[in-house]
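Model the placement of chain B on the given structure of chain A, informed by the hints.
Chain order of the listed sequences is A and B. Mind the numbering: the first sequence is residues 1 to 283 in the numbering used here, read in order. Mind the numbering: the second sequence is residues 1001 to 1166 in the numbering used here, read in order.
Calculated from the structure, these hints are not laboratory results. Glycine residues also receive a C-beta, built at the ideal position from the N, C-alpha and C atoms. Keep in mind that a hint or two might mislead.
[Claimed, not checked] Here are the simulated lysine to aspartate or glutamate pairs, EDC-like style, with alpha carbons at most 20 Å apart:
| id | chain 1 | residue 1 | chain 2 | residue 2 |
| --- | --- | --- | --- | --- |
| 1 | B | Lys1126 | B | Glu1145 |
| 2 | B | Lys1159 | A | Glu102 |
| 3 | A | Lys28 | B | Asp1139 |
| 4 | A | Lys163 | A | Asp176 |
| 5 | B | Lys1130 | A | Asp38 |
[As the list claims (entries may be wrong)] Part of the chain A face toward chain B, derived, beta carbon under 7 Å:
| id | residue |
| --- | --- |
| 6 | Cys10 |
| 7 | Ala59 |
| 8 | Val110 |
| 9 | Lys213 |
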Amino acid sequence: MTKYALFLGCIAPLRYPGIEKSTREVFKALGVELVDLDGASCCPAPGVIKSFSKATWLAEAARNLALAEKAGLDIVTICNGCYGSLFEAAHELHEDEAALEEVNRILAEVGLKYSGRTKVKHFAEVLYNEVGIEKIKKTVKTPAAYNAAAFYGCHFLKPSKLKQLDDSEDPTILDDLVEAVGAVSILRKKKAKAICCGAGGGLRAQFGETSQKFTLKNLEIMKNSGAEIIVDVCPFCHLQFDAGQKDSGFAFPVLHLSQLYGIAMGMDAKDLGLGAHITPVKL
Amino acid sequence: MKEVVTEFTEELAANGGSSAALCFQCGTCTLKCPSAGLRTALRPANIMRASQLGLKDEAIEDYGLWQCTTCYTCVEWCPRNVQVVDVITALRNMAVADGEMYENHKKVAESLIKNGHTVDNNDKIKALRKSLGLQENPDTVLDDEKAKADFDRILKATKFTELVNQ
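Chain A with its partners taken away, still in its complex shape (with noise of 0.2 Å):
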């Protein structure tokens, strides 16, 4: 059975908790253990975090790198932002051993030494390479056929040359994904392309409505392509829809993966935890 340390991060478990329990759910069903990440913090979160103090953010994440290392396991993240940072600071730290020696010297202060060893994945990089499509496909019990609005976000792909999953501009993983359980992928069938969903970098903390500009356009984009759903693959892209549709005059429901997920393998709605949703999740 694969094992993985979950890694929580904050959005996930403080804003949308049905995004953990759907993923801890739907990863059981799919044969993959998870094993809570005891102690770890913020990842520290990339847009901001890392803008105010790179040193900080690499010593926080090696922390957390040190944690699941320790426990003999490789990180598996739920959100774009945690992978972004988990990712590259360990990318960091197996390249610049003069960064691994600074990292250490303040890690020692509370017991911990990071080796450079643990390796950090995407929950759906996981469903997609170690899982895969056959296996997902049979487990689906209700297909979720809605027209899906599947929405990458940015730190998932990109930078493409150090994740080397998929092309960043003409992807398909999530497209595959989503269909695997009876969606269809309708950006990819249209051939439009959505933007960044305007959260991260500190935007959505500091500079609300520049923020909201990125998520009109892709509602836009989502509308004239005929979606009815969103599927994000981030719950800070996934706060940024649900959120960002109060008075917008549009009302997609937003789906983290793993509850679309669910709700293909039978699943119970209100154990995804959709009814805590800012908009509503009317499927």
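For chain B alone, kept in the frame of chain A given last:
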């Protein structure tokens, strides 16, 4: 006359922004930037140019510097392999080190200091977590005093609180 700060290039490189030197001003980053496309003040190519020329103030005080979502579209398209987001991040670090921090960014940083997370937990979320069969607090630094003390010690070692409260 704009001031050229000669040590700036080294300072930028020390913060991870050395690749700005590779930029030959084709403007592809600005053309592909979704933020620029939405008529914000962000023009990544201008920031790369100011960085190359040693115009520190122009680079770190550029209003557009904080209009970047770090989406990496520029990095995907750059024909010179400039790590535009790393340069922007380095410049942001330098601006914050100079005491320039937006109010709501400070609040996010304060939440990190207090909770070990960028957002807090609250009664509504606790009730929701419980109803889903999850622990009221996730098994993170929020639910582990020793882990939070370790987290705090790393913040201290990297002088984060001083940086935020300066």
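These are the hints, each one checked on the structure:
1. B/Lys1126 to B/Glu1145: Judged against 20 Å, a Cα distance of about 18 Å means the pair holds.
2. B/Lys1159 to A/Glu102: Holds, at roughly 14 Å.
3. A/Lys28 to B/Asp1139: holds (19 Å)
4. A/Lys163 to A/Asp176: Cα-Cα ~18 Å, so holds.
5. B/Lys1130 to A/Asp38: holds (19 Å)
6. Cys10: holds (4 Å)
7. Ala59: This hint holds: A/Ala59 lies near chain B, its Cβ roughly 5 Å from the closest one there, short of 7 Å.
8. Val110: holds (4 Å)
9. Lys213: Result: holds, 5 Å to nearest chain B Cβ.
When held up to the earlier numbered hints, the structure conflicts with none and fits them all.
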